[in-house]
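K.L.:
So the chains spell out like this:
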Amino acid sequence: MEHALDITLTVNGTPVSRRVEARQHLVDFLREELGLTGSHVGCEHGVCGACTVRVDGEIVRGCLMLAVQANGCKVDTIEGLSDSKEVGELQRAFHERNSLQCGFCTPGMLMAARDLQLKNPAASREQIRAHLSGNYCRCTGYQAIVDAIEEVLHGKS
Amino acid sequence: MGKAELPLHAPGTRVDKGYIGQSVPRPNAKRLLQGRGAFVDDLRFPRLAHVAFFRSPHAHARIKRLDFGNALKSAGVIDVFDGRAVAEYCTPWVGVLAHLKGIKSPPQHAIAIERACWQGEAVAAVVAESRTQAEDAVDLIDADWEELPAVLDMDEALSGRCVIHPELGDNICFKREHDTGGVDEAFAKADLVVEETYRFGRHTGVCLEGRSILADYNAAEHTLTVHHSTQAPHMMQDVFSRHLGIPEANVRVIARDVGGSFGIKVHVYPDEMATAALSVMLRRPVKFVADRLESFLTDIHAREHKVTIRLACSKDGEILAFDLDDLSAIGPYSVYPRTSGIEGNQVVNLTGGPYKHQKYRAKLNVVFTNKNVTCQYRAVGHPIAVALTEGIVDLAAQNLKMDPAEFRRRNLIPDDAYPYTFPSGVKFEKLSHHQCLDQLLGLMNYASLRKEQADLRGRNIFRGIGLAAMIEVTNPSPAFYGVGGARISAQDGATLRLEPTGMVTVMCSVTEQGQGTEGIFAQIAASAVGVSMDKVRVITGDTGVTPYGGGTWASRGAGIGGEAVLLAGRALLSNILDVASKVLNLEKETLDIENNAIVDKLTQEKKMPLEELGRITYFRPDILPLDFQAELTVTRHYTPREYAFTFTNGIQASLVEVDTDTGFVKLLKHWCVEDSGTVINPMLVDEQLRGGVAEGIGAALYEECLYSPEGQLLNGNMADYVVPMSGEIPDIVCAHIETPTRQSQLGAKGVGEAGTAGAPGAVMNAINDALAPLGARVTAMPFTPERILRALGRIA
Amino acid sequence: MKAPAFAYVKPSTLDAVFELLERHGEGAKLLAGGQSLIPSLNMRLSAPELLIDITGLREYAGIHASVDSVRIGALTTHAEIERSAEIGKHLPLVARAVSHIAHPAIRNRGTLGGSLALADPAAEYPACAVALEATIVVSGRNGERRIKAEQFFKGLFETDLKPGEVVTAAEFPVAGRNDKSVFLELSRRRGDYAIIGLAAHNSRFVFFGAGTKPVLAGNAASKTSLQEARAALATDLDPPADLYNSSATKLHLAGVLLERAWNTLSTSH
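Protein chains in written order, with our numbering: chain U, 1 to 157; chain C, 1 to 796; chain H, 1 to 269.
Misleading hints may appear alongside valid ones.
Cut-off 27 Å, straight-line C-alpha distance, at most; resulting in silico cross-link-like pairs (DSS-like, lysine-lysine) [what the hints assert, rightly or not]:
(1) H/LYS162 with H/LYS29
(2) C/LYS427 with C/LYS356
(3) U/LYS119 with H/LYS162
(4) U/LYS85 with C/LYS588
(5) H/LYS148 with H/LYS180
(6) H/LYS180 with H/LYS223
(7) H/LYS154 with H/LYS29
(8) C/LYS306 with C/LYS356
(9) U/LYS119 with C/LYS30
(10) C/LYS356 with C/LYS315
(11) C/LYS101 with C/LYS175
(12) H/LYS10 with H/LYS223
(13) C/LYS175 with C/LYS451
(14) C/LYS30 with U/LYS74
(15) H/LYS10 with U/LYS74
Hint data in this document are derived by calculation from the structure and do not stem from the laboratory.
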């Protein structure tokens, strides 16, 4: 039985192959092996949401998925979504409304917000809060984050 | 954009203050939005080694034996060290300050030697090629312990039956008594005396980014570069230098992006000192990032207090006196260098703060226990002082059957009474309690909320409205730490440089933790010089680059750092105009800078773009007069000295609904009116307030570090230690009164801690207001459903 | 907080899983969604020698409704259940329960089978399964076994699964036109595990977070008045205290939920 395995996956559109330890979780893999440090390690037990990334189109906790489980998958991180401008509107609204302070939660927050935008573009303020309920922010009080997402979804200002 | 005139609050000042007062977005937020920040853990270094610590599983135990044999053989391990080995390179410290008379604490080592005094204290360090390998080896360390009696309860500690540090004689770290005299007489003649005991749960900061340090020792140069998630780079430079025996000039501390701090990252942590020592010992870069479990065990905790307070008042509702007895437990060491006596000291200084009574007595005991250390966390002492004061004030109003807003109106210090000396001895320059109260009551539509509350009670819906007025320490002078002997700077500096391209570079000793410091410095610099914000670049958090200064704590960044930037900006403007005057052969007094160009002051006619002036200054100075040397880099410093602290004031209100069947509290809305002087960026200030309120709500309803009778932290993870998240925090309405401080040109006071200071008291009062018709009260934070049900008599 | 070393294998057939389980015994753990297992690995609370990733067995995912039952494959995620129109139509109790499970990113990975096999007493699905009298389908070397949910959950994180067996599906009876169900839970934060919860289907009141396993409040349900039912609840439940709530508090809260469910069931359609 192997403690390290060869994996091939597509990260932000680029195919990558690595040999990884079975125990390495996906966010450590992205950060340590690929240098994609935008996804953050906050709690490593699935509560804070700072490591939220997208695997095959669905957001996941990067600390609750092993890198080997991403073999053959398409993984998107904040860096990829920034470069493709997929989260450009959200980033603009977050910037204009100061929906971040230290910025440590922000990549995960944007991944969750983008997921909501794709899945439920008509979400109410309450539904926005519910969709972000697994993403911890100690700095802002959440209001500006909710405001920014509401603006992007509904064009409110 | 026009330019900021000086002082901003002078009569007749141009209304147009440039960017000051504008809600402009922070330029430095863009990299964070793309995940392209530079947090310590994002840095990549060759030969980087990783440390993991073997920590005490016991609250109090003697280390009989540590066996590293198996750990040393584990894959990837570079070396394993105990406390004695690290002590060869790092001297111990003692967390006391001379002006906290009688405070005592034993020497503390980077790695504990012989004895561990709390569960989680590091007793050995494993350095390996990866963090994973270091953790593997930690599991292989074999230790023999002799468990010692653990002192966990505050009263037990005070009794001194079992003394944690026998050489200190007792468990009392610090005590203070304050008495204006006449307190007993005031109570004797009072129509009403109310008394209550409040308890405040121990809680912690839970920064999303764990404490992080990457120390890089260069043996050839005997230099140490420390990449550190810290609020106070210069303080840490001094500490590393002093305790590692490296000349201060050879130590550079760099704090780029910091993932939240809230006071957690302004202290000296043994494991961080050990990491720096290990880099020296191993002559290679070494990194330590506290994981979440370590964070709960070792990030400072705060606010474990039990306080009995009495209030005396007349039947007309005039407060005559407060009498206070505070007992607080701080863990086994007073934290270096700020000490763990400050929080209790603040409670003594601030209790009763908004009110005009003249008689005040306070007693404080700060005791050692075998739990994790406590120290200054956002709003330090204020949440306790405010909740105590506002809780007992509400109880008095309730007894007098007086509306709590009216009761406050009768007792708040009048807005024209300043300068004012408060009975605790602290001095207020100028506060605006009555303006704030009026604004708050209007903003929340107090009268109609009271009516709605009464209507709903008829339908068994229990809503409560809670008010909390407060004062807050900001812009501290050297009286806070410097006078006590701590090498903590109360002054800050800013260097501004006009670049050849017409850009302005700002370098300031105040740091950025996300509150927007760099953004407001850009606003101030742009406004002072007369350039657009896109022409300003701000650098903070590097002792090798910025002027010397204190960093970020005690709500001082905007008021002190901002003033330094403003003064430097005006000096740079003057120096630029000197050059322009020579180049254009015009009187300096006729010139100004507007919109990145030299202009005629009167007509605003554009004379020369700044980039042309920059080109001439740097590349063709030969055309300038021989007796003239351009100086387009200027540095200015600022220290508040006239008052020990520049007090701010504010008032908050909370609207809650209590489910009396479940004990659950639903926060419906929260209001905050704050007077922080000149508001530089309302958008940033509002979100600072909201974030602060959210932390205060955490304290009021959710957060507490729970320990077992043996001293084991029971909820040291994010699933069990409950921080509020987006589903729990209500919308928060903010408004401002602006009473600028006359001590500075900018007039800004601090605002970073106000939300946290006032929210717990406001929420507590709202809950008790909701419970009042049922004859129930709660006084122990956090107000969990169980505590509310117990107060209601729904459970035994 | 880095997991200890373990080996990993992702078999493509159930037979291969059986073989691995047989060969590695106690040292092997099944990995489905991993949303409970991986945190325990990261915290080094669990140190298996081998993880058998069963998520490659896609035939054990999916929702199939027949006339009288809905079969949910063990590897069906919470998100798939949440989105399923068939669940919404035929299993309204499950549909209501699923949105209480953690957060979107966790619901995308976590599975029904993982939750049932873990048997966390505070989890939502086991209580729903007991309330709805679901059948848990397990497979082993010797074929398939079908176990009534009430018999499947045996104790704290303990099920009727025998060594070498794997949960492959759960079958829920389709809710009839006259069936009524209520799902309630009290948690301090949205998405947290419940302090106490109640999955009620007709007269089957099943509490979670109330014992070592889902607790069917048979005595309370047998009463004709709410008052009697609340009084009888103490004979059904003896909830263990948690960090923030005593046993008495939880029993009181269970009574509140019972009352709310009782009132809803007796008034709604």
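K.L.:
Would you mind confirming whether the straight-line C-alpha gap from C/LYS101 to C/LYS175 stays at or under 27 Å?
P.N.:
holds, 8 Å
K.L.:
Hey, C/LYS306 versus C/LYS356, does the alpha-carbon distance stay inside 27 Å?
P.N.:
Cα-Cα ~25 Å, so holds.
K.L.:
Mind checking the alpha carbons of U/LYS119 and H/LYS162 for me, to see if they're no more than 27 Å apart?
P.N.:
Roughly 40 Å between the alpha carbons, so the hint for U/LYS119 and H/LYS162 is violated.
K.L.:
Below or equal to 27 Å on CA atoms is what counts here, so check H/LYS154 against H/LYS29.
P.N.:
holds, 19 Å
K.L.:
With a cut-off of 27 Å on the C-alpha distance, tell me whether H/LYS148 and H/LYS180 pass.
P.N.:
Since the Cα atoms of H/LYS148 and H/LYS180 sit roughly 21 Å apart, the hinted pair holds (cutoff 27 Å).
K.L.:
Does C/LYS356 lie within 27 Å of C/LYS427 when you go C-alpha to C-alpha?
P.N.:
holds, 13 Å
K.L.:
Is the hinted pair U/LYS119 and C/LYS30 satisfied, with a Cα-Cα distance of at most 27 Å?
P.N.:
holds, 26 Å
K.L.:
Regarding the pair U/LYS85 and C/LYS588, is the alpha-carbon distance no greater than 27 Å?
P.N.:
Cα-Cα ~48 Å, so violated.
K.L.:
Quick one, are C/LYS175 and C/LYS451 close enough, alpha carbons at most 27 Å?
P.N.:
Violated, because 46 Å separates the two Cα atoms, which is more than 27 Å.
K.L.:
Holds or violated: are the alpha carbons of H/LYS10 and U/LYS74 at most 27 Å from each other?
P.N.:
holds, 18 Å
K.L.:
Does U/LYS74 sit within 27 Å of C/LYS30, going by the straight-line distance between their CA atoms?
P.N.:
holds, 26 Å
K.L.:
Verify the proposed pairing of H/LYS10 with H/LYS223, using a straight-line Cα cut of 27 Å.
P.N.:
violated, 51 Å
Of the numbered hints given earlier, the model fails hints 3, 4, 12, 13; all others are met.
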